[in-house]
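Fit chain A to the supplied structure of chain C, relying on the hints for placement.
Sequence lines, in order, name chains C and A. Counted from 1, the first sequence has number 12 at position 12 by the numbering used here; the numbering is strictly sequential. Counted from 1, the second sequence has number 1309 at position 309 by the numbering used here; the numbering is strictly sequential.
Heads up, some of the hints might be wrong.
[Unchecked claim] Listed next, with one range per pair, are the computed distances between beta-carbon atoms:
#, chain 1, residue 1, chain 2, residue 2, range
1, C, R69, A, Y1109, 35 to 41 angstroms
2, A, L1226, C, P12, 46 to 52 angstroms
3, C, R69, A, A1426, 19 to 25 angstroms
4, A, Q1160, C, A65, 25 to 31 angstroms
5, C, A65, A, D1352, 45 to 51 angstroms
[Claimed, not checked] Sample of chain A residues with no beta-carbon within 10 angstroms of chain C, all distances over it, derived:
#, residue
6, Y1288
7, A1293
8, H1421
Hints are computed from structural coordinates only; laboratory data are not their basis. Note that the structure is a prediction, hence the values are computed from the model and not measured. Beta carbons: idealized from backbone N, C-alpha and C, even for Gly.
Chain by chain, the residues:
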Amino acid sequence: MILLLLACSPEPAFADPAQDVLDQLDTDGSGALTLEELRAPNPWRMMKILDKDANSRIDLDELRADLDRWPVITGAGMNHRAHKAGKQGG
Amino acid sequence: MLLAMLACAVESPELRGESPDVILIALDTVRWDHTSLSDAPHDTTPTLRRLAALPGAVTFTRAYTAASWSLAAYASLFTGLDALTHGLGFTQQKLSPSQPTLAEVFSTYGYQTAAFASGPHLDQANGFSRGFDTWRHEKSFSPLTPQIEPALAWLESARQQPAPYFLFVQGYDAHPPYTAPAVFSEMFSPEYDGDLHLGRGQMRTKECRVVNTRACTPSISALQRLRGEDVDLTLEHDHINTHYDSALRAGDYNLGRLLHGIEQHGALDEAIIVVLSDHGKSFAEGRYSDETARSEQLFHVPLVIRRPSTAPAARWDGVVSLVDVLPTLLDELEMVAPAHASGQSLRSVLDDPTQPVVDDRAVPSAELCCYAVQSEQWELIGDRRLTGGVWTPASDDTPVFGPTQWRLYRHGSRAEVSAEHPEVVASLRDAIAHWPDQLVADPDNINGAAGQDEELRKSLRQHGYWAPTPGEATP
Chain C
1 MILLLLACSP
11 EPAFADPAQD
21 VLDQLDTDGS
31 GALTLEELRA
41 PNPWRMMKIL
51 DKDANSRIDL
61 DELRADLDRW
71 PVITGAGMNH
81 RAHKAGKQGG
Chain A
1001 MLLAMLACAV
1011 ESPELRGESP
1021 DVILIALDTV
1031 RWDHTSLSDA
1041 PHDTTPTLRR
1051 LAALPGAVTF
1061 TRAYTAASWS
1071 LAAYASLFTG
1081 LDALTHGLGF
1091 TQQKLSPSQP
1101 TLAEVFSTYG
1111 YQTAAFASGP
1121 HLDQANGFSR
1131 GFDTWRHEKS
1141 FSPLTPQIEP
1151 ALAWLESARQ
1161 QPAPYFLFVQ
1171 GYDAHPPYTA
1181 PAVFSEMFSP
1191 EYDGDLHLGR
1201 GQMRTKECRV
1211 VNTRACTPSI
1221 SALQRLRGED
1231 VDLTLEHDHI
1241 NTHYDSALRA
1251 GDYNLGRLLH
1261 GIEQHGALDE
1271 AIIVVLSDHG
1281 KSFAEGRYSD
1291 ETARSEQLFH
1301 VPLVIRRPST
1311 APAARWDGVV
1321 SLVDVLPTLL
1331 DELEMVAPAH
1341 ASGQSLRSVL
1351 DDPTQPVVDD
1361 RAVPSAELCC
1371 YAVQSEQWEL
1381 IGDRRLTGGV
1391 WTPASDDTPV
1401 FGPTQWRLYR
1411 HGSRAEVSAE
1421 HPEVVASLRD
1431 AIAHWPDQLV
1441 ADPDNINGAA
1451 GQDEELRKSL
1461 RQHGYWAPTP
1471 GEATP
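With the rest of the complex left out, here is chain C (with noise of 0.2 angstroms):
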């Protein structure tokens, strides 16, 4: 019965959209975030930002909380090419 019920338990058609946008980036499928996967012109800045437990890796739920939150934080200042002005880190 257990076997049936999971068999018939029907796939949401809207899975978690904080996932979706995860798996769109994390291109070496650890499931996380890295500096590298990071498409932004100041990676460093939104890793700062970002990555609550400072392990360097953004998770889903790191992720999700800046994606729902309003007004929005990570887009202020995300648009210069810091590095270009050897600001790495910024």
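Chain A only, in chain C's frame:
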């Protein structure tokens, strides 16, 4: 195994009550050719693609909006009237009480109604709150983000009541000021290495730091004004378009949150769900875009209607208009549509999306200065010329647009053929024969700014809308 197959057979969705609920979601400023429903190079709208693939969904691949900016476009969506018939943004300052809105009709039929919207155009002062029991509005051009949780909370509450509901949710995710989280900011162009910095409503260049910021709205024409007509801006053009793709992906994320919540509340298979955009977006002029491309960019929008049904998902390629949404929903719910509606019910297409396209539609779209009329084979484009050139409110001159100069194109062709096919021109012009020959360009009408405060005017100006202060020239 047999038991499992029987138990897992697809069940027909069951309605919550006698009448279906209705959820209308508007993603502002989304042009068709950049969505995942088209052959766009980036997967910008995976959620919308998923919705379009569900049983019961029909994607209208050639849906055109009635107007190129939100004020006039939402007026058409809400009233079923084409742009120059309701006049909002052209000749009227607010929706006329004699023109009933979709929410008012639903309310008359006992529906619970709620709107979660934003922006200075979709404002109570312009008449858009009429018919909504609940009206939650953000003054700024905000994305869906702040609306999602309140909308889902209202949905949960509405589902506890026996009456059906109409829920409208709208956001400006793909519209300046582009407040998307940085994860989305350049996800489709991480390799771009130019000096054009986009985001939060500004286009920043070295030049922009010393000239007025109004010119910094992302557009190729603004860059051409800064750098000259002869400078090659191909990289910048591509970068602006890719940045727009990122904004679309951010909006689609919010659409995903909304539909995920709707599904979790059990409402996905109970409601008719309509997802559309009020208008598109064009960033290019001159050599980067001709007028037929520009017309497509501004007026061709996504439209997906999903009914609770087990019918296979389908696409329909006939020309339709967003003014068809009102008569379609009311026809589907067997309600009486207002007699004046310009649109046509698409119910027969929803019932049988395999039916062939019939070449009997001429769908008009309007900007203040330009018109387009689409049919299956043809596109008629007309320019209204601003007489008098520069206008100042301090002067006694009234800016007037007109008369219109017409050009005809066969879809897919850049050759202008109005002289060869005068009968087609005449036929397509019939679709807008009731429109006035001349337009008086009152900025308060154009932007819905009548009766609004200076803060709103300032916001409109910052986002490139024409809301001049005395002494300021028209663009």
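Do the hints match the structure? See the list:
At about 38 angstroms, the beta-carbon gap between C:R69 and A:Y1109 stays in the expected band of 35 to 41 angstroms. Under the hint 46 to 52 angstroms, the C-beta atoms of A:L1226 and C:P12, about 48 angstroms apart, fit the expected range. At about 55 angstroms, the CB distance of C:R69 to A:A1426 disagrees with the hint of 19 to 25 angstroms. One distance hint, 25 to 31 angstroms for the beta-carbon pair A:Q1160 and C:A65, holds here, with the actual separation near 30 angstroms.
Range check, C:A65 to A:D1352: Cβ separation about 46 angstroms, and the 45 to 51 angstroms hint holds. No beta-carbon of chain C is positioned within 10 angstroms of the beta-carbon of A:Y1288; the least distance is around 22 angstroms. Non-interface status of A:A1293 relative to chain C is upheld: no Cβ of that chain comes within 10 angstroms, the nearest being about 27 angstroms off. Once the 10 angstroms rule is applied to beta carbons, A:H1421 is consistent with being away from chain C; the minimum gap is 46 angstroms.
Consistency note: the structure conflicts with earlier hint 3 alone.
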